[in-house]
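Trainee: Here the protein sequences line up with chains A and B, keeping their order. Residue numbering for the first sequence is 1 to 418, as defined by the working numbering. Residue numbering for the second sequence is 1001 to 1209, as defined by the working numbering.
Please note that a few of the clues may not be correct.
Unchecked claim - From chain B, some residues computed to sit far from chain A (all C-beta separations above 10 Å):
#  : residue
1  : 1006
2  : 1010
3  : 1018
4  : 1028
5  : 1056
6  : 1065
7  : 1084
8  : 1112
9  : 1115
10 : 1137
11 : 1177
12 : 1178
13 : 1180
14 : 1184
To be verified - Here are the simulated DSS-like pairs of lysine-lysine, each with C-alpha atoms no more than 25 Å apart in a straight line:
#  : chain 1 : residue 1 : chain 2 : residue 2
15 : B       : 1122      : B       : 1070
16 : B       : 1111      : A       : 9
17 : B       : 1036      : B       : 1080
18 : A       : 334       : B       : 1073
19 : B       : 1088      : A       : 412
20 : B       : 1088      : B       : 1055
21 : A       : 313       : B       : 1111
22 : A       : 14        : A       : 310
23 : A       : 412       : B       : 1073
24 : B       : 1003      : A       : 412
25 : A       : 313       : A       : 407
26 : A       : 14        : B       : 1130
27 : B       : 1003      : B       : 1041
28 : A       : 121       : A       : 135
29 : A       : 9         : B       : 1109
30 : B       : 1005      : A       : 407
31 : B       : 1109      : B       : 1184
32 : A       : 9         : B       : 1088
33 : A       : 407       : B       : 1073
34 : A       : 43        : A       : 263
35 : A       : 43        : A       : 287
36 : A       : 287       : A       : 60
37 : B       : 1070      : A       : 5
38 : A       : 412       : B       : 1184
39 : A       : 14        : B       : 1132
40 : A       : 9         : B       : 1132
Hints were generated in silico from the structure; no laboratory data involved. Ideal Cβ placement from N, Cα and C applies to all residues, glycine included.
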Amino acid sequence: MNIWKISIKNLFHKPLYTVLSILSLTISIALLISIKQLDTSVKQQFENNLGNIDMVVGAKGSPLQLVLASVLHIDNPTGNIVYKDAKKLARNPLIKTAVPISYGDNYKGYRIVGTTDAFVKLYDVKITKGKDFNKPMEAVLGYDVAQKTRLKLGDTFLSSHGFNDDMGHEHPETFIVVGIFEQTHKVIDRLITTPLESIWDVHNHHSEEDGHAEEGHHHDDEEHHHDEEHHHEEEDNKQITSMLVKFRNPIGLITIPRQVNEKTAMQAAIPKYEMERLFNFTGIGVKAISWIAYIILFISSIIIFINLYKMVKERAFDLALLRTYGASNFQLIKIVAIEGFITSIIAIVFGVSLSQLGLLYIFNVLGKQYQQSIPSTLEFYNVFQIILWVLLVVVVAILFAVIPILKMNVSKILTDEK
Amino acid sequence: MIKTKNLTFQYNSNGELFHFPDIDLPDEESLLILGKSGIGKTTLLHLIAGLLQPKSGSVTIDNVSLQTLKNKKLDQFIGKHIGLVFQKNYANRSLNVIENLQARLYFSKQKQNKSHIENLLKTLNIIECKTKKINELSEGQLQRLGIALSVVHQPKVILADEPTASLDDDNCKIVLQLLLQQSKLNNANLIVITHDQRVKPMFKNILEL
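Go ahead and model the full structure; you've got the sequences and the hints to work with.
Mentor: This is the structure:
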């Protein structure tokens, strides 16, 4: 027999209290870790997706929408810009890389992005199978696209108009798969990239077939205006959806966006800044849930305190008896403290496991909705911080619970109980 | 061997001052302290057990003055050399009979010898309850466990506070016989305090307060 065994036997003696303590603490730990991890993972995912993009230039409208559409590829674009204007801007010496992208179509819900070979540089991504595109109608698939659609090298597919699978009709032009990217956990995983010319070709032919009378009929999305006059003109008069820009040095970040917004018909948006704005909105929800979790933590600490305190009070005679056996005050405190710590360690193990199981499920659902697998990042620092909080709260509960032991008058307890 | 000298005690500074007669009990002798309620019997017992500190005077057990021991040393001394028996018997309810006795030995820093414990339970006739929880024991079995707890660590002094108050005549006799038997087996002093006149014939040394 020793102190540990006595503590454990005490816990088993009142299983209901013990389970209640463990359960409430488990829930608060699981909530705290989940919310923290979810927040970090999603933020990291967004930041990851920003890649090396310092600025995005597109049609005027909401800057957040422009970023969501052109950088994260989850919203509709604000409109089109003239490629010539964009090219002119790209000649600015402060700009290191400028990548035009053009949208319009999807395959089974995966967006087809018309761009140049500079696009891959923004994401530091390699092609694992096949080669990069170099002719119109050649396509390189993102990792997730290849996985989900089961398209292989050499396969052909027809694009559908619009951004969602069910939005439009199919175009008659067939794309051919020439390459597949490695998995990056970035937005490129769920994109199909192809030369800009593919998009222009598809839509030009499309317009020709539809004829003048129907102009605009299938093009009520403003971003798909392709005037008849344009398709015989040189490339520079074509339209693109937006241009992704990386600066040579930070000065560009200060001067160029303002320049674009004030002096051109285009709009410049800074992805990092827009993301921060977005997180400020979502942050409120995260904060609210965090607060709820902290409140539950507080309540469970009170439950633990009450259980330990009750044990100390109800078994005052037992504890006094142990003192007559030769136990020191410190040993009695140890019994209570070990009970508290065993409870919290079990709760921590359960809480961490529960949070990981829950997150596995959440990330699975999110991944499906987002069409992209999100890596769940467990920040040990965060978990460590939460565990420290929990232990601190438990220590305080224990300290309050052992006060009666310190004030215990053995003789009086033994006399009163008679 | 127990000696007390000029023991006085006061619960608070303006409360009643208790004076106790000196006790000088040689090895292996037993003593009955008789007295009415409120006269300070339990106080005297707790002074001898080192659970209370006297206002003046001293308690000496085996040539060690309790007044010279402090905190942990006093705890250890009490645990090792004194066994207490109470009117109502309590034991730790989360432990079973044998675990309680092991805990008793653990805190007085003695070997948790299982055969020693089982022999004791045999002599006290409760060996069949050794793995029972405390709340599964009958009154009589609990009483015997109380005695076992007071002697399992082979103390020098057994102090019993009204051990027979709630017992009928037969059980009163049995309990006292067991206490006397155990004190003999352990070569310990036995001091019983009570207002119960029935136990008088069983003692040679009697102190009336």
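Trainee: Verify that the Cβ of residue 1184/B lies farther than 10 Å from every Cβ atom of chain A, and report whether the claim holds or is violated.
Mentor: holds, 22 Å
Trainee: Verify the proposed pairing of residue 1070/B with residue 5/A, using a straight-line Cα cut of 25 Å.
Mentor: The given pair, whose Cα atoms are some 28 Å apart, is violated under the 25 Å limit.
Trainee: For residue 1028/B, is the shortest CB-to-CB distance to chain A above 10 Å, so the non-interface label stands?
Mentor: The claim stands: residue 1028/B keeps its Cβ more than 10 Å from every Cβ of chain A (closest is about 22 Å).
Trainee: Holds or violated: are the alpha carbons of residue 412/A and residue 1184/B at most 25 Å from each other?
Mentor: violated, 30 Å
Trainee: With a cut-off of 25 Å on the C-alpha distance, tell me whether residue 14/A and residue 1130/B pass.
Mentor: The given pair, whose Cα atoms are some 21 Å apart, holds under the 25 Å limit.
Trainee: Would the pair residue 287/A and residue 60/A pass a check requiring their Cα atoms to be no farther apart than 25 Å?
Mentor: Violated, at roughly 33 Å.
Trainee: With a cut-off of 25 Å on the C-alpha distance, tell me whether residue 313/A and residue 407/A pass.
Mentor: Distance of about 12 Å is within 25 Å: holds.
Trainee: Does residue 287/A sit within 25 Å of residue 43/A, going by the straight-line distance between their CA atoms?
Mentor: holds, 14 Å
Trainee: Should the label of residue 1056/B as a non-interface residue stand, given a Cβ cut-off of 10 Å to chain A?
Mentor: holds, 18 Å
Trainee: Regarding the assertion that residue 1084/B does not contact chain A, is the least Cβ-Cβ distance greater than 10 Å?
Mentor: It is violated; residue 1084/B is separated from chain A by about 5 Å at its closest Cβ, not greater than 10 Å.
Trainee: Between the alpha carbons of residue 1036/B and residue 1080/B, is the straight-line distance 25 Å or under?
Mentor: Given that 25 Å is the threshold and the Cα spacing comes to 30 Å, the pair is violated.
Trainee: For the pair we were handed, residue 14/A and residue 310/A, check the Cα-Cα distance against 25 Å.
Mentor: Between residue 14/A and residue 310/A the Cα gap is close to 11 Å, so the pair holds against 25 Å.
In summary, the structure is inconsistent with hints 7, 8, 15, 17, 20, 21, 30, 34, 36, 37 and 38 from the numbered list given earlier, while agreeing with the others.
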